[in-house]
Amino acid sequence: MNKINRRHFIYSTALILSMPVAAHALWPLGEKKANATESDNIRGTIFKGDAPDKPGKWSHEALLYKKLDNNKVACGICPHRCLLSPGDRSVCRSKANIGGILYSLSYGNPCTVNVDPVEKKPLFHFKPQTKAFSVAAAGCNFRCLNCQNWEISQAKPGEVRHIELFPEDVVKAALKSGSELIACTYSEPVSYIEYMMDIARIAKEKGLSNLWISNGYINTKPLLELCRYIDGANVNLKSFSDEIYQKLNGGRLEPVLNTFKTMNEKGIHFEMTNLVVPGYVDDVEMVKRMCGWILTNLGPDHPLHFLRFFPQYKLDRLAPTPISTLENFRNIAMNEGIHYAYVGNVPNHEGMNTYCHNCKKLLIKRKGYFIPEYNLSENRCKFCNTVIPGVWGKNNNE
Amino acid sequence: MFNILKRKNESRVLLVVIATGISSVVTQLLTIREFLAQFQGNEFVIALILFSWLVQGGIGTFFSQFYIKRHLPSAKFLAFLSLIVAVLPALQILLIRQLRDVLFIHGSSVGFYPTFAFIFLTTAPYALLVGFVLPYSLFVLRAFQPDYPGTNIYIVDNLGDIAGGAFFSFFLVYFFSPLQSVFISNLFILVATFLLLINSGILRIKAITCVCIALVIPVYAVFLENKSLLPREGSLVYYKESKYGRIAVHQDKEQFTLIGDGVPLFSNQNISNAEESIHYPLSQILQPKHILIISAEGSIMKEVEKYHPESIDYIELDPEVSGALFRFGLLKKIPGLKVINQDGRSYLAHSDKIYDAIIVNLPEPETYQINRFYTDGFFDIARKHLSQNGVLSFSMQGYDSYLAEPQRQKISSVYNTLSNHFDKILLLPGEKVYFLASRFFLDADIPYLLDKKNIKTDYISNFYYGNLTEDRISHLKELIDRTAPVNTDNYPQLMRIMFAQWFSKFSTSPLAFILLLSIVSIIYLFYMKKEEFVLFSTGCMEMGTEILVIFAFQIYFGYIYIKIGLIITVFLAGLLPGAWAGNKTANQYSHFNRASLAITDGILIFLTVLLILIFLKGGDKIPLSVFLVYGFIVSMTCGFQFPTALKLMGDSNPSVTRLFSADLIGAAAGTLLISVAIIPYFGIVWAAIALIVLKLVSLILMRSYKA
Numbered sequence: 000m001n002k003i004n005r006r007h008f009i010y011s012t013a014l015i016l017s018m019p020v021a022a023h024a025l026w027p028l029g030e031k032k033a034n035a036t037e038s039d040n041i042r043g044t045i046f047k048g049d050a051p052d053k054p055g056k057w058s059h060e061a062l063l064y065k066k067l068d069n070n071k072v073a074c075g076i077c078p079h080r081c082l083l084s085p086g087d088r089s090v091c092r093s094k095a096n097i098g099g100i101l102y103s104l105s106y107g108n109p110c111t112v113n114v115d116p117v118e119k120k121p122l123f124h125f126k127p128q129t130k131a132f133s134v135a136a137a138g139c140n141f142r143c144l145n146c147q148n149w150e151i152s153q154a155k156p157g158e159v160r161h162i163e164l165f166p167e168d169v170v171k172a173a174l175k176s177g178s179e180l181i182a183c184t185y186s187e188p189v190s191y192i193e194y195m196m197d198i199a200r201i202a203k204e205k206g207l208s209n210l211w212i213s214n215g216y217i218n219t220k221p222l223l224e225l226c227r228y229i230d231g232a233n234v235n236l237k238s239f240s241d242e243i244y245q246k247l248n249g250g251r252l253e254p255v256l257n258t259f260k261t262m263n264e265k266g267i268h269f270e271m272t273n274l275v276v277p278g279y280v281d282d283v284e285m286v287k288r289m290c291g292w293i294l295t296n297l298g299p300d301h302p303l304h305f306l307r308f309f310p311q312y313k314l315d316r317l318a319p320t321p322i323s324t325l326e327n328f329r330n331i332a333m334n335e336g337i338h339y340a341y342v343g344n345v346p347n348h349e350g351m352n353t354y355c356h357n358c359k360k361l362l363i364k365r366k367g368y369f370i371p372e373y374n375l376s377e378n379r380c381k382f383c384n385t386v387i388p389g390v391w392g393k394n395n396n397e
Numbered sequence: 000m001f002n003i004l005k006r007k008n009e010s011r012v013l014l015v016v017i018a019t020g021i022s023s024v025v026t027q028l029l030t031i032r033e034f035l036a037q038f039q040g041n042e043f044v045i046a047l048i049l050f051s052w053l054v055q056g057g058i059g060t061f062f063s064q065f066y067i068k069r070h071l072p073s074a075k076f077l078a079f080l081s082l083i084v085a086v087l088p089a090l091q092i093l094l095i096r097q098l099r100d101v102l103f104i105h106g107s108s109v110g111f112y113p114t115f116a117f118i119f120l121t122t123a124p125y126a127l128l129v130g131f132v133l134p135y136s137l138f139v140l141r142a143f144q145p146d147y148p149g150t151n152i153y154i155v156d157n158l159g160d161i162a163g164g165a166f167f168s169f170f171l172v173y174f175f176s177p178l179q180s181v182f183i184s185n186l187f188i189l190v191a192t193f194l195l196l197i198n199s200g201i202l203r204i205k206a207i208t209c210v211c212i213a214l215v216i217p218v219y220a221v222f223l224e225n226k227s228l229l230p231r232e233g234s235l236v237y238y239k240e241s242k243y244g245r246i247a248v249h250q251d252k253e254q255f256t257l258i259g260d261g262v263p264l265f266s267n268q269n270i271s272n273a274e275e276s277i278h279y280p281l282s283q284i285l286q287p288k289h290i291l292i293i294s295a296e297g298s299i300m301k302e303v304e305k306y307h308p309e310s311i312d313y314i315e316l317d318p319e320v321s322g323a324l325f326r327f328g329l330l331k332k333i334p335g336l337k338v339i340n341q342d343g344r345s346y347l348a349h350s351d352k353i354y355d356a357i358i359v360n361l362p363e364p365e366t367y368q369i370n371r372f373y374t375d376g377f378f379d380i381a382r383k384h385l386s387q388n389g390v391l392s393f394s395m396q397g398y399d400s401y402l403a404e405p406q407r408q409k410i411s412s413v414y415n416t417l418s419n420h421f422d423k424i425l426l427l428p429g430e431k432v433y434f435l436a437s438r439f440f441l442d443a444d445i446p447y448l449l450d451k452k453n454i455k456t457d458y459i460s461n462f463y464y465g466n467l468t469e470d471r472i473s474h475l476k477e478l479i480d481r482t483a484p485v486n487t488d489n490y491p492q493l494m495r496i497m498f499a500q501w502f503s504k505f506s507t508s509p510l511a512f513i514l515l516l517s518i519v520s521i522i523y524l525f526y527m528k529k530e531e532f533v534l535f536s537t538g539c540m541e542m543g544t545e546i547l548v549i550f551a552f553q554i555y556f557g558y559i560y561i562k563i564g565l566i567i568t569v570f571l572a573g574l575l576p577g578a579w580a581g582n583k584t585a586n587q588y589s590h591f592n593r594a595s596l597a598i599t600d601g602i603l604i605f606l607t608v609l610l611i612l613i614f615l616k617g618g619d620k621i622p623l624s625v626f627l628v629y630g631f632i633v634s635m636t637c638g639f640q641f642p643t644a645l646k647l648m649g650d651s652n653p654s655v656t657r658l659f660s661a662d663l664i665g666a667a668a669g670t671l672l673i674s675v676a677i678i679p680y681f682g683i684v685w686a687a688i689a690l691i692v693l694k695l696v697s698l699i700l701m702r703s704y705k706a
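Going line by line, the protein sequences match chains L and B.
Under numbering that gives the first Met the number 0, the first sequence is numbered contiguously, ending at residue 397.
Under numbering that gives the first Met the number 0, the second sequence is numbered contiguously, ending at residue 706.
Hints in this document: simulated from the structure, not taken from any laboratory.
Backbone N, C-alpha and C define an ideal beta-carbon position, used for all residues, glycine too.
One or more hints might be untrue.
Stated by the list, open to error - The list that follows gives simulated cross-link-like pairs (lysine-lysine, DSBU-like), each with its CA atoms no further than 30 Å apart:
| hint | chain 1 | residue 1 | chain 2 | residue 2 |
| --- | --- | --- | --- | --- |
| 1 | B | K452 | B | K337 |
| 2 | B | K337 | L | K364 |
| 3 | B | K301 | L | K364 |
| 4 | L | K119 | B | K451 |
| 5 | B | K337 | L | K366 |
| 6 | B | K455 | L | K130 |
| 7 | B | K431 | L | K366 |
| 8 | L | K119 | L | K130 |
| 9 | B | K337 | L | K119 |
| 10 | B | K476 | L | K171 |
Stated by the list, open to error - Here are some, though not all, of the chain B residues that point toward chain L, as calculated from beta-carbon distances under 8 Å:
| hint | residue |
| --- | --- |
| 11 | D251 |
| 12 | S266 |
| 13 | Y398 |
Claimed, not checked - Between beta-carbon pairs, the in silico distance windows are:
| hint | chain 1 | residue 1 | chain 2 | residue 2 | range |
| --- | --- | --- | --- | --- | --- |
| 14 | B | K423 | L | T219 | 48 to 58 Å |
| 15 | L | E242 | B | R471 | 29 to 39 Å |
| 16 | L | N70 | B | S520 | 40 to 50 Å |
| 17 | B | T482 | L | G266 | 18 to 28 Å |
| 18 | B | L235 | L | K66 | 55 to 65 Å |
| 19 | B | P113 | L | N357 | 16 to 26 Å |
| 20 | L | G75 | B | S517 | 43 to 53 Å |
| 21 | B | Q396 | L | T219 | 48 to 58 Å |
| 22 | B | N388 | L | W292 | 56 to 66 Å |
| 23 | B | Y447 | L | G177 | 45 to 55 Å |
| 24 | L | L361 | B | A511 | 55 to 65 Å |
Using the sequences provided together with the hints, build the complete structure.
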């Protein structure tokens with residue numbers, strides 16, 4: 000019984016010999032890029048039974064939600080369209096169904112407030128050299144593996160330190176700081192849209208401009224509402240692949256593209272940011288397709304920023320993007336017909352400057368957040384009088 | 000004739016056991032290195048690997064007793080298993096590399112539970128099998144000689160372990176890549192198996208065929224070494240396995256990135272990091288003449304050169320790292336530069352040189368080795384080596400807009416530790432939080448200071464004022480929690496916070512794991528016999544003390560590879576004479592066995608008390624030989640207990656397997672308990688006290704046994 004007989008021997012030999020074949024079959028030979036076979040959708044899920052027992056001081060009834068049977072509610076703000084039973088919390092962590100009413104939980108309690116140069120957002124065609132009073136509350140409808148602000152975007156409002164600042168207080172503080180702009184930024188403002196809209200409404204009355212720095216993952220109806228108040232935006236176009244959106248961000252591409260179309264139709268000034276993640280987003284053909292789509296659907300005038308990736312958060316085992324990749328993408332975009340393409344996250348790169356799309360002369364020289372040379376007269380090129388797309392205020396360096 | 004056959008058979012089986020020991024220890028060390036290169040290199044992951052390995056070994060051992068109830072032990076089956084043992088390590092290494100990107104998103108780090116599951120599953124086939132083979136070898140011998148002593152297997156297995164450990168640490172690691180090492184280390188088991196097969200009556204040609212077939216995979220794997228390490232982005236232009244870890248340089252277009260254990264460490268295009276690291280401290284000093292840099296950032300020498308210092312001592316523990324940095328242009332050779340390949344703390348402790356700036360560029364304190372540069376002890380040494388206006392500078396992971404709680408605690412703990420030694424501390428927020436410490440005033444207006452020195456920068460001059468506003472700087476200082484614990488060498492509280500931050504990053508908690516482990520442990524302890532508990536506590540003591548001794552040695556003498564390798568070796572080596580002596584004593588004075596266990600338990604308690612005294616009095620005056628002798632005696636005492644306990648339990652097959660299992664599972668528990676549970680939360684003194692308590696329980700149990 001315990002002797003190795005001929006059959007055992009043959010079986011064992013076959014097993015051992017088949018191992019290299021199996022190993023070889025499993026080997027990722029020639030496969031360099033992310034592909035469907037290893038797809039992981041990191042989409043967030045709702046938090047069952049995680050809602051507070053009762054609405055708190057910073058709870059505010061949510062906008063655009065539907066009441067359903069059995070006290071369930073359906074959030075209508077973003078494409079996740081969270082269907083929440085009483086006691087559930089949304090994917091973005093900022094909304095909860097409390098007793099059949101959907102509440103925003105971060106109304107008036109931002110977790111971070113800073114004054115930043117507008118160029119930091121980045122916005123290069125919107126009132127250069129102005130200060131943006133930047134506000135963020137916890138929460139995000141994405142799960143980006145490389146999130147720079149994961150400490151607040153991937154946290155629930157109750158889990159972070161916060162400052163009590165209701166919309167009118169935000170505007171007062173912005174005015175006091177000498178800011179001309181209020182930016183909802185850092186985390187995802189879509190997750191606290193009620194707060195953002197109220198801030199923007201009051202700010203507009205006081206003569207301040209409103210900026211929306213976002214992933215653009217929002218439904219058309221709330222976006223149309225938001226467009227009534229915002230003056231400028233920087234929206235991430237994280238990649239031009241639905242698969243990569245699912246894998247690295249936990250979202251989908253189509254709704255983001257719809258956001259761009261809607262904003263374009265509404266005449267909102269916006270700039271696009273494409274973070275070039277090595278191994279995922281650094282695909283020349285994809286960039287060409289992306290530029291083609293932009294030109295067809297949005298036209299050539301919306302600035303496009305190619306940002307350098309650095310290892311962040313969970314995506315910390317990839318090297319930074321080579322600078323020449325960004326330069327190449329910028330050239331591709333401009334050759335395809337996009338008028339303003341920039342290189343970002345590379346100190347003092349020539350690709351940070353603005354050149355007139357008509358006469359090609361230097362309009363704005365940027366050294367970090369400084370502008371040592373400014374050749375626009377109101378919204379026109381000083382050299383050829385061409386109208387330069389953007390919202391141009393008085394240059395503070397003048 | 001039968002006796003000759005019996006002896007021949009015995010020697011062949013014992014050869015297999017030794018070869019299995021060599022294979023298992025080399026594979027274990029290579030597996031740890033492989034996981035560190037593929038996953039987070041923190042102390043938790045190291046503990047999880049050892050834990051999984053030992054527990055699975057224990058389970059494999061435990062189940063062997065059930066197998067032989069249904070199947071008679073046979074040398075041929077042992078040979079068949081040994082062939083699998085020889086084949087699996089190469090597959091295991093390749094599987095770890097290959098499955099990483101199949102199961103997890105390429106380029107992303109992985110949280111606690113997925114890491115644990117991955118470790119457990121990928122190491123299971125080999126660890127279970129090795130655990131099974133050890134007692135099975137005994138059963139094969141007992142098929143010929145029913146009274147064959149179980150202790151012999153324990154002794155011979157230890158011999159293999161010592162040989163494997165020394166072979167890897169002092170030879171293979173210097174000259175061979177992982178898959179080459181796997182191939183070489185498993186040749187022994189193939190030879191031993193061949194001899195066993197012939198001895199079992201298999202035709203020589205058949206035996207050769209079997210061994211050759213088993214050779215296919217390790218040989219094939221050697222040719223897959225480089226291919227299995229190719230990056231998805233760019234190309235692999237340099238690859239070296241140094242004794243400290245895996246170093247690779249990837250080239251993506253014009254960018255060279257040095258990857259250390261899978262993590263991008265230095266790039267030739269990271270201007271902002273290089274500028275911050277150098278100009279933040281050096282701008283504060285009127286004329287920096289002597290600079291010490293502990294570990295580098297890409298392109299920093301170019302920035303240092305702007306100050307024209309007389310001497311720059313650049314310390315890099317691993318010569319392969321500094322070599323690669325210069326070779327690929329990530330660092331520039333500048334006048335006055337001296338490269339010192341030594342542990343930074345150890346260098347500083349033994350140097351008389353006074354510096355104007357000490358710039359530390361080490362990673363986050365995720366391991367005890369790195370934690371030594373963020374402690375009270377290190378800051379004290381650094382201060383003593385600074386000139387009157389000298390500056391100490393280092394950084395920790397920063398934040399963009401919000402300082403999360405674990406990180407706030409981490410920064411606060413370091414701040415409080417540093418403030419015990421320096422009057423002035425300047426914190427500069429950003430993607431990294433920079434700590435500057437001095438006896439005199441430190442100015443946060445770095446661009447202004449650089450301007451005064453007429454030093455041009457690309458990043459600081461143009462971005463600093465936008466990124467580091469006065470509000471941001473003062474807000475960070477306001478957030479410092481002055482009640483956060485001071486991080487000391489003996490009580491590395493920072494590690495606890497680092498663990499908390501790791502768990503928070505992945506929104507997980509170790510509670511479920513701890514709970515499950517506690518339930519399983521309670522069930523296991525409940526069904527355990529007293530002798531088993533003695534060995535369980537001994538396994539715990541052996542591993543726990545080894546961790547503590549290495550920990551203490553690193554604090555006092557720095558990370559010196561060869562010496563730490565020696566300590567690990569003596570901890571293995573002591574088991575052998577211990578088991579031999581224990582066997583002799585157990586046979587000759589069998590009526591003293593219970594007393595022997597109690598006495599040896601007492602010795603272990605006494606030795607641990609000695610260790611506590613070393614911790615409390617400071618062990619920096621103690622020579623290495625004392626650490627070696629200490630380790631040898633502890634391990635010898637532990638080794639002594641196995642045959643004694645076995646004799647008490649009756650040396651039957653089930654007894655042997657239960658005791659082997661208890662020893663392995665105890666070692667697993669000791670690893671996890673000491674390195675990730677007790678040291679970071681209670682410090683090393685309490686860790687040693689915990690081991691004493693465990694042994695006291697063992698003593699009490701032995702006493703009640705007597706009663």
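The hints, checked one at a time:
Our distance criterion of 30 Å between C-alpha atoms is met by K452 of chain B and K337 of chain B, whose separation comes to about 25 Å. For the proposed pair K337 of chain B and K364 of chain L, the alpha carbon gap of about 41 Å is over 30 Å, so the pair is violated. Restraint check: the Cα-Cα separation between K301 of chain B and K364 of chain L comes to about 26 Å, which is no more than 30 Å; the hinted pair holds. A threshold of 30 Å between alpha carbons decides the hint, and for K119 of chain L with K451 of chain B the separation of about 27 Å falls inside it, so the pair holds.
Pair hint K337 of chain B plus K366 of chain L does not hold up; C-alpha atoms about 35 Å apart against a cutoff of 30 Å. A threshold of 30 Å between alpha carbons decides the hint, and for K455 of chain B with K130 of chain L the separation of about 26 Å falls inside it, so the pair holds. Simply put, K431 of chain B and K366 of chain L have alpha-carbon atoms about 22 Å apart, close enough for the 30 Å limit, and the pair holds. Restraint check for K119 of chain L and K130 of chain L: satisfied, since their Cα atoms lie roughly 10 Å apart, inside the 30 Å limit.
Simply put, K337 of chain B and K119 of chain L have alpha-carbon atoms about 39 Å apart, too far for the 30 Å limit, and the pair is violated. For the given pair, K476 of chain B sits about 25 Å from K171 of chain L by alpha-carbon distance, which is consistent with the 30 Å threshold. The closest approach between the C-beta of D251 of chain B and any C-beta of chain L is roughly 5 Å, which is under the 8 Å cut-off, so the hint is satisfied. A distance limit of 8 Å between C-beta atoms decides the matter here; for S266 of chain B the minimum to chain L is near 6 Å, and the interface restraint holds.
Restraint check, Y398 of chain B versus chain L: the minimum CB separation of about 6 Å is within 8 Å; hint holds. Between K423 of chain B and T219 of chain L the beta carbons are some 56 Å apart, a value that agrees with the proposed interval 48 to 58 Å. Distance hint for E242 of chain L and R471 of chain B: a CB-CB separation of about 38 Å, consistent with the stated range 29 to 39 Å. Remark: the range hint 40 to 50 Å for N70 of chain L to S520 of chain B is upheld by a beta-carbon distance near 44 Å.
Between T482 of chain B and G266 of chain L the C-beta distance comes to about 54 Å, which lies outside the given range of 18 to 28 Å. For L235 of chain B and K66 of chain L, the Cβ-Cβ distance of about 58 Å falls inside the hinted range of 55 to 65 Å, so the restraint holds. Here the CB-CB span from P113 of chain B to N357 of chain L is close to 54 Å, at odds with the stated 16 to 26 Å. Restraint check, G75 of chain L to S517 of chain B: a C-beta distance of roughly 46 Å satisfies the suggested window 43 to 53 Å.
Checking the proposed 48 to 58 Å range against Q396 of chain B and T219 of chain L shows it is violated: the Cβ atoms sit about 39 Å from each other. The hinted range of 56 to 66 Å is satisfied by N388 of chain B and W292 of chain L, whose Cβ atoms lie roughly 58 Å apart. At about 21 Å, the CB distance of Y447 of chain B to G177 of chain L disagrees with the hint of 45 to 55 Å. Distance hint check for L361 of chain L and A511 of chain B: the Cβ-Cβ separation is about 60 Å, which falls inside the suggested range of 55 to 65 Å.
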